[in-house]
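Number of protein chains: 2
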Amino acid sequence: MGYPMARRCVGINVPLKVTITGEHAVVYGYPALVAAIDRKITIKICVRPDREIRITSRRAMIIGDISLICSEESCRGDASPDYVERFFSYVLKAIEISSKIFGDLGGLDIEISSGIPAGSGLGTSAAISAGVVAGYSYLAGRSVERKDIASIARRVEIEVQGAASPMDTGAVSLGGVLLVKPLETEVFKRVELKKALEILIAITPKKRSTRETVSMVRDLYNRRKTIVDHLMRAIGEISEEASKALEEGDLKTLGELMDINHNILRALGVVDRESEDIAEIMRTAGLEGVKISGGGWGGAIIGISRDRSRLEQALNSLLETGYTAFISSIDFRGIEYEEILK
Amino acid sequence: MGYPMARRCVGINVPLKVTITGEHAVVYGYPALVAAIDRKITIKICVRPDREIRITSRRAMIIGDISLICSEESCRGDASPDYVERFFSYVLKAIEISSKIFGDLGGLDIEISSGIPAGSGLGTSAAISAGVVAGYSYLAGRSVERKDIASIARRVEIEVQGAASPMDTGAVSLGGVLLVKPLETEVFKRVELKKALEILIAITPKKRSTRETVSMVRDLYNRRKTIVDHLMRAIGEISEEASKALEEGDLKTLGELMDINHNILRALGVVDRESEDIAEIMRTAGLEGVKISGGGWGGAIIGISRDRSRLEQALNSLLETGYTAFISSIDFRGIEYEEILK
Chain B
10 MGYPMARRCV
20 GINVPLKVTI
30 TGEHAVVYGY
40 PALVAAIDRK
50 ITIKICVRPD
60 REIRITSRRA
70 MIIGDISLIC
80 SEESCRGDAS
90 PDYVERFFSY
100 VLKAIEISSK
110 IFGDLGGLDI
120 EISSGIPAGS
130 GLGTSAAISA
140 GVVAGYSYLA
150 GRSVERKDIA
160 SIARRVEIEV
170 QGAASPMDTG
180 AVSLGGVLLV
190 KPLETEVFKR
200 VELKKALEIL
210 IAITPKKRST
220 RETVSMVRDL
230 YNRRKTIVDH
240 LMRAIGEISE
250 EASKALEEGD
260 LKTLGELMDI
270 NHNILRALGV
280 VDRESEDIAE
290 IMRTAGLEGV
300 KISGGGWGGA
310 IIGISRDRSR
320 LEQALNSLLE
330 TGYTAFISSI
340 DFRGIEYEEI
350 LK
Chain Y
10 MGYPMARRCV
20 GINVPLKVTI
30 TGEHAVVYGY
40 PALVAAIDRK
50 ITIKICVRPD
60 REIRITSRRA
70 MIIGDISLIC
80 SEESCRGDAS
90 PDYVERFFSY
100 VLKAIEISSK
110 IFGDLGGLDI
120 EISSGIPAGS
130 GLGTSAAISA
140 GVVAGYSYLA
150 GRSVERKDIA
160 SIARRVEIEV
170 QGAASPMDTG
180 AVSLGGVLLV
190 KPLETEVFKR
200 VELKKALEIL
210 IAITPKKRST
220 RETVSMVRDL
230 YNRRKTIVDH
240 LMRAIGEISE
250 EASKALEEGD
260 LKTLGELMDI
270 NHNILRALGV
280 VDRESEDIAE
290 IMRTAGLEGV
300 KISGGGWGGA
310 IIGISRDRSR
320 LEQALNSLLE
330 TGYTAFISSI
340 DFRGIEYEEI
350 LK
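Sequence order for the protein chains is B and Y.
Plus 9 on top of the position in the first sequence (first one is 1) and you've got this note's numbering.
Plus 9 on top of the position in the second sequence (first one is 1) and you've got this note's numbering.
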């Protein structure tokens with residue numbers, strides 16, 4: 010009986026993201042254009058009285074609940090496939106790095122909910138990393154700027170994956186549309202939209218991880234350096250021009266640039282047959298810009314149009330064919346906190 | 010009764026050609042790789058006792074015989090669709106230019122036979138222009154080098170079309186495989202093959218003329234100059250590397266380069282859906298390199314493989330689907346003469 014013990018908790022909402030143009034090229038230092046979307050991952054973090062780390066994930070779309078309990082020595086989970094391990098490794102690394110920066114909080118309960126499967130090219134791992142870092146800093150009583158959360162979350166990605174562009178963690182932390190220039194001092198340039206942008210997003214299971222597709226492109230680059238470098242430069246220029254098109258509200262030009270970018274990604278060998286089939290369904294419905302978004306070989310395929318009804322028509326065609334798809338707006342808020350007491 | 014009057018005649022065989030890599034980019038001065046194939050156009054030219062020009066064409070694949078009779082003042086044909094007029098305009102221009110260079114021969118009977126439809130991206134107009142120039146020079150008693158025939162035939166193409174790269178007339182006149190560098194003093198560099206090269210060629214009716222596709226690309230270039238220039242540079246480099254791959258007998262590399270080139274052509278917007286379907290049939294049959302050849306929007310789609318049986322498998326798949334296709338070897342002879350007396 011009586012009231013439960015008061016525990017300090019925080020809820021974090023982190024948007025997911027699409028790469029409008031520039032994936033792969035951004036790995037080589039060229040600009041990319043990225044947008045946070047109104048689909049979010051929510052993370053609830055509470056300080057525990059003991060030193061255990063309990064992580065629970067609810068991901069409606071591909072698997073049921075999964076969880077992991079860690080003591081100081083080891084972790085045990087109720088599900089052990091690779092992707093669960095991979096998924097939780099971002100959380101554990103984010104806790105480890107955060108505790109070094111913000112001080113030790115002891116044990117934590119972490120509950121992650123997302124309607125979007127991990128590995129869909131929508132920046133799930135970046136959102137989880139940034140969300141845990143943000144929550145940890147909040148519970149440690151520290152006020153941290155979004156761009157610093159982005160930067161710490163990128164460290165998490167780099168330590169887990171071996172390498173990571175600043176793009177994903179920047180987009181999910183800051184929100185909005187960003188022109189990312191990895192080699193410049195000011196990495197993120199905020200793109201002001203003249204018109205609202207709605208994006209049709211289709212998702213298929215990834216057949217190869219981003220790490221694999223990045224390595225495929227690296228392999229091609231090593232063999233055909235001059236050719237691939239020209240293609241990367243073309244993609245970088247596409248992102249610069251796409252950014253201007255968005256600022257001018259010129260969705261026709263944006264669409265043309267996305268189409269060119271998609272076909273250069275085909276030339277780089279990262280567009281599989283199923284993604285191309287989905288792209289073709291979107292084109293047939295009259296969308297002006299259709300492109301894979303992310304590393305390729307499955308994941309997200311995005312489409313835009315000046316005409317809302319065409320987006321809906323394409324959405325219906327995709328759903329009727331049995332694909333997972335939805336229309337998303339841009340998220341302009343980035344990471345958000347909500348204090349929870351219970 | 011009696012013997013027919015002896016007339017001076019000559020027969021000319023001119024190979025057709027495929028562009029292995031580099032179409033469109035060659036218009037902007039970048040290298041292209043072109044090959045003469047063992048499918049030929051034959052042209053028989055006889056001097057007439059009067060001043061009439063009688064042109065007859067036998068093109069088995071798309072139409073029956075067509076013919077044109079010209080006096081000094083005008084021409085009348087038994088068929089008048091646009092493409093007939095376009096087709097004969099090369100012959101008449103070749104006669105006009107040849108007569109200025111080699112002297113007036115008076116009336117001519119010209120009989121053209123080809124199993125390949127004009128406008129298929131296989132250099133029909135170049136072959137006809139070069140063949141008539143070669144025949145005319147022969148009948149005028151002049152010995153002319155193949156490269157000079159190529160150069161005069163290019164003038165014919167330029168006067169009829171408004172513009173023309175030296176590629177097609179060079180390939181059909183000289184034969185073999187050539188790396189074409191339009192901006193260099195030595196425009197044609199002969200590529201010595203280490204291994205025999207067989208090419209699967211599928212043909213569909215062209216939905217847009219080469220003039221139209223060149224103008225589409227020009228339009229894109231004017232709007233997106235930096236991007237398109239990077240793509241053209243990439244294509245130019247592809248042709249240089251493809252030429253090396255052929256000299257080394259490395260068909261795997263050649264195939265990879267063709268695939269990249271094809272997708273850059275997609276990015277340039279010149280690959281229509283039907284050509285892509287044909288390309289996909291070839292890919293499904295396991296070909297290593299698959300590419301449109303020529304301006305795009307129909308015409309020729311080519312494929313190569315290290316494995317002869319795969320070429321045959323792809324050929325069968327195409328024929329079963331109802332497409333026109335054949336396997337061709339490289340022609341190393343270029344323009345050939347055979348004297349005819351009758």
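There may be inaccurate statements among the hints.
Since the list gives no way to pick out one identical chain from another, each pair is judged satisfied if it fits inside one copy or across any two copies.
Computed list of lysine to any residue pairs in SDA-like fashion (alpha-carbon distance at most 25 angstroms, straight line) [stated by the list, open to error]:
#  : residue 1 : residue 2
1  : Lys198    : Thr235
2  : Lys261    : Met225
3  : Lys261    : Thr194
4  : Lys253    : Asp238
5  : Lys253    : Arg232
6  : Lys253    : Arg95
7  : Lys156    : Ile106
8  : Lys109    : Ser160
9  : Lys234    : Glu283
10 : Lys234    : Glu81
11 : Lys234    : Glu256
12 : Lys203    : Arg232
13 : Lys253    : Arg63
14 : Lys216    : Glu289
15 : Lys261    : Thr235
16 : Lys216    : Asp286
17 : Lys234    : Glu61
18 : Lys253    : Arg233
19 : Lys261    : Arg232
20 : Lys204    : Glu283
In case anyone wonders, no lab produced these hints; they're calculated from the structure.
- Query: So which of the earlier hints does this model not fit?
  - Reply: Result: hints 3, 6, 9, 10, 13, 17, 20 break, sorted rising.
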